[in-house]
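Undergrad: Make the full structure from the sequences, and use the hints.
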Amino acid sequence: MEYDEKMLEAKRKLLERFRNKGPSAPAPTHDRLPPGQHLTTGFPILDLGVHPQFHPKRWRFQVEGEVEQPIDVDWDGFVQLLPKKDQVADFHCVTTWSKYDVTWGGLNFLDLAALVRPTETARFLIAHSADGYTTNMPLADCMDEDVILAYELSGQPLPLEHGGPMRLIVPKLYAWKSAKFLRKLVFTAQDQPGFWEVRGYHNHGDPWTEERHG
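With the working numbering applied, the sequence shown covers 4 to 217.
Misleading hints may appear alongside valid ones.
Claimed, not checked - List time: in silico DSBU-like cross-link candidates among lysine-lysine, alpha-carbon distance up to 30 Å:
| id | residue 1 | residue 2 |
| --- | --- | --- |
| 1 | 87 | 60 |
| 2 | 60 | 187 |
| 3 | 187 | 87 |
| 4 | 88 | 102 |
| 5 | 187 | 102 |
| 6 | 60 | 88 |
| 7 | 88 | 187 |
| 8 | 87 | 102 |
Calculated directly from the structure, the hints in this document are not laboratory data.
Keep in mind that this is a model prediction, so the values were computed, not measured.
TA: This is the structure in structure tokens:
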């Protein structure tokens, strides 16, 4: 299909462009559990204490900033925007717990990036949530196949307490970078520290080098 070929070529160009750029976390070459972490079989819930209710008819998702093709869609438009993909990834919280093999389903970030086409000046991604939360990361850290805009958890709709109806998942960074209740992504040329970053958390958040605090 022509559409698939265009998407594959756009993804290839994005991967080539961002390879070895920015302060991207290196792929771990050691034990699966990052230093200072302990395993849990549960899935603890940590947030700002605000759980925005989901109303499909009023919900909107936007992608804007340094992109050639901005997006502004409702819930139906979002889930139909790209084919759903499943991703199994480990999840590392800055509060020292980790959970292995979490199964997410949703939109692959690389597919989304190929759709919106970041400009040459785009270097950072700023996530905005419905509860007012924000977080920032180098765009290079998002250019992996395991980064996903998840609306399913273990094959079921993503529960509100885990960030539903949709959250960002960036497995290579501490989980505060995986913004819950995601409503907007902004591609920027300049970094914009988010909610926890301006309150003392590390600006990057690599679990393998224990970037917990700034």
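Undergrad: What's the verdict on residue 87 and residue 60, does the C-alpha distance respect the 30 Å limit or exceed it?
TA: holds (21 Å)
Undergrad: Keeping to a limit of 30 Å between CA atoms, is the pair of residue 87 and residue 102 held or broken?
TA: holds (23 Å)
Undergrad: Are the Cα positions of residue 88 and residue 187 separated by 30 Å at most?
TA: holds (20 Å)
Undergrad: Need the status of pair residue 60, residue 88: alpha-carbon distance at most 30 Å?
TA: Status holds; Cα separation ~24 Å.
Undergrad: Between residue 60 and residue 187, is the straight-line Cα distance small enough, at 30 Å or below?
TA: holds (17 Å)
Undergrad: What's the verdict on residue 187 and residue 102, does the C-alpha distance respect the 30 Å limit or exceed it?
TA: holds (26 Å)
Undergrad: Holds or violated: are the alpha carbons of residue 187 and residue 87 at most 30 Å from each other?
TA: holds (19 Å)
Undergrad: For the pair supplied as a hint, residue 88 and residue 102, is the alpha-carbon distance within the 30 Å limit?
TA: Roughly 20 Å between the alpha carbons, so the hint for residue 88 and residue 102 holds.
In this structure, none of the earlier numbered hints is contradicted; all agree with it.
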